[in-house]
Amino acid sequence: MRLLDEKRELLYVIRTFDVLMSSGVGLEAAIHTIGQGGYGIISEDFAGLMKRLRKGSGGGLDKQLKHLMKSAESPGYKRLLNTLYTNVTQNTDLVETLKKQGTRMEEERSEAVEKYIEELGGVPETLLSIGMIGPIILSIIGLVPQLMSGDLGSFMSLPDPAVISGVVNMGLIMTLVAMFFIGLKAHTKDPGL
Amino acid sequence: MIFGLIESFNDTPLLLFLLILGLGFAGGGIPPMRERARRRTIENELPSFLEALSDSVGAGRGLQEAMMEQSTANDGPLAKLLGETLKESHASSFEASLASFAAKSRSSQVQRVMVLLETAIQQDSSLRDILSDLSMDYERLNDLMNRRESELQGRGILIILFVSVGLPVLIAFIVGLFAPASQGYQITAFNNTFALFFAAASAIGVGVSGRMMGRLKDVLWWLPMWMALSMGLYLGAVKLVGG
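Protein chains in written order, with the working numbering: chain A, 851 to 1043; chain B, 85 to 327.
Derived from the structure by calculation, the hints contain no laboratory data.
Do not take every clue at face value.
Stated by the list, open to error - Per the computed footprint, the stretches of chain B lying under chain A, defined by three or more beta-carbons under 8 Å from a beta-carbon of chain A, are: (1) 122-129; (2) 162-176; (3) 199-213; (4) 217-231; (5) 242-250; (6) 289-297.
Idealized CB from N, CA, C, for every residue including glycine.
Start from the sequences, fold in the hints, and give me the full structure.
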């Protein structure tokens, strides 16, 4: 969940940093502005960072950024925090780097959406194959004790109807679980638009 | 015959419960759909609106003046909403009217743009460049969102139709033809099991379809209705075919 939130907000955070720092706002003030809200999980992270800085616990801004890098999950967010950390320790051209990162993030987002659409192309077919073939076979298995109850039953011995019913129930549950996991792809691969 | 069919569902209280729940929830499902359509219209208008603002600001107009002009020059929900907000907020500050406009739009895109503009005004940044950049950013974002929706909508509908409608009817025909209740086959327990399965499969199918299109929360309102439809179709078709 955190990964998805980071992906969703990151580009806007980079753009805000870009606007703020291009107009002469300092890094700490920019982090404070973003920490005030509007950028989901990243706002929460920055608010926590500012709180710790004000308390004076856990060292300066560089150490706090380093600490935040450990909890970041998306590569883009880690990259942004690393850029901010480098700026604090080495006085780099942050605005230029942020512009490049923004462009790169946007390209990555477009690629991620295309990949998502491509990957989900197979989901309906797989879902329908499992979700339709499974129940059709299981329904026939479930009807066997009824269909073979007459003269046909003397030709071959059938398991107890309770056993067949158990097999059908288990099969249906397994089908539902399989459908759920196939469908889960739609959630886990979400590009976070 | 219809009343007889409906009466026969009395043995499945879950179906009746889901049907009642579905009818009630449908009332809650329509407003998010309408709201989403309105919000997406506003968001799709946003890039061209920002571009026009950038041009006006570049020509020497103030942001407030440029917004006023654009709200009167254009029609559509975005210009209408902005015009109304600017008119209403004569007594308050321009920043307050921007915040009010962002809140009324109920769009995260508009809210982000307004927060950024407010910050840019406070910091005396070059509004022309910012507006132009934002316009391009949001145009690309909306293109991606529209593409995702148009490409995945068909697949989402396919899943719902097959899992919630096609599958129950198909299996009901198999059961009704090969083991009709009218000929003494004892299939009540079998039918109850499969009706429950179709309700659950329908819930998964509808959930997956909603998630694919990025509107899971909106679709959840319709979940009981689809579950009830799926169960009802199966049990109804079994009774119609098998007696």
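| query | In ascending order, which of the hints set out earlier in this document are inconsistent with the structure? | reply | Violated hints: 1, 2; rest satisfied.
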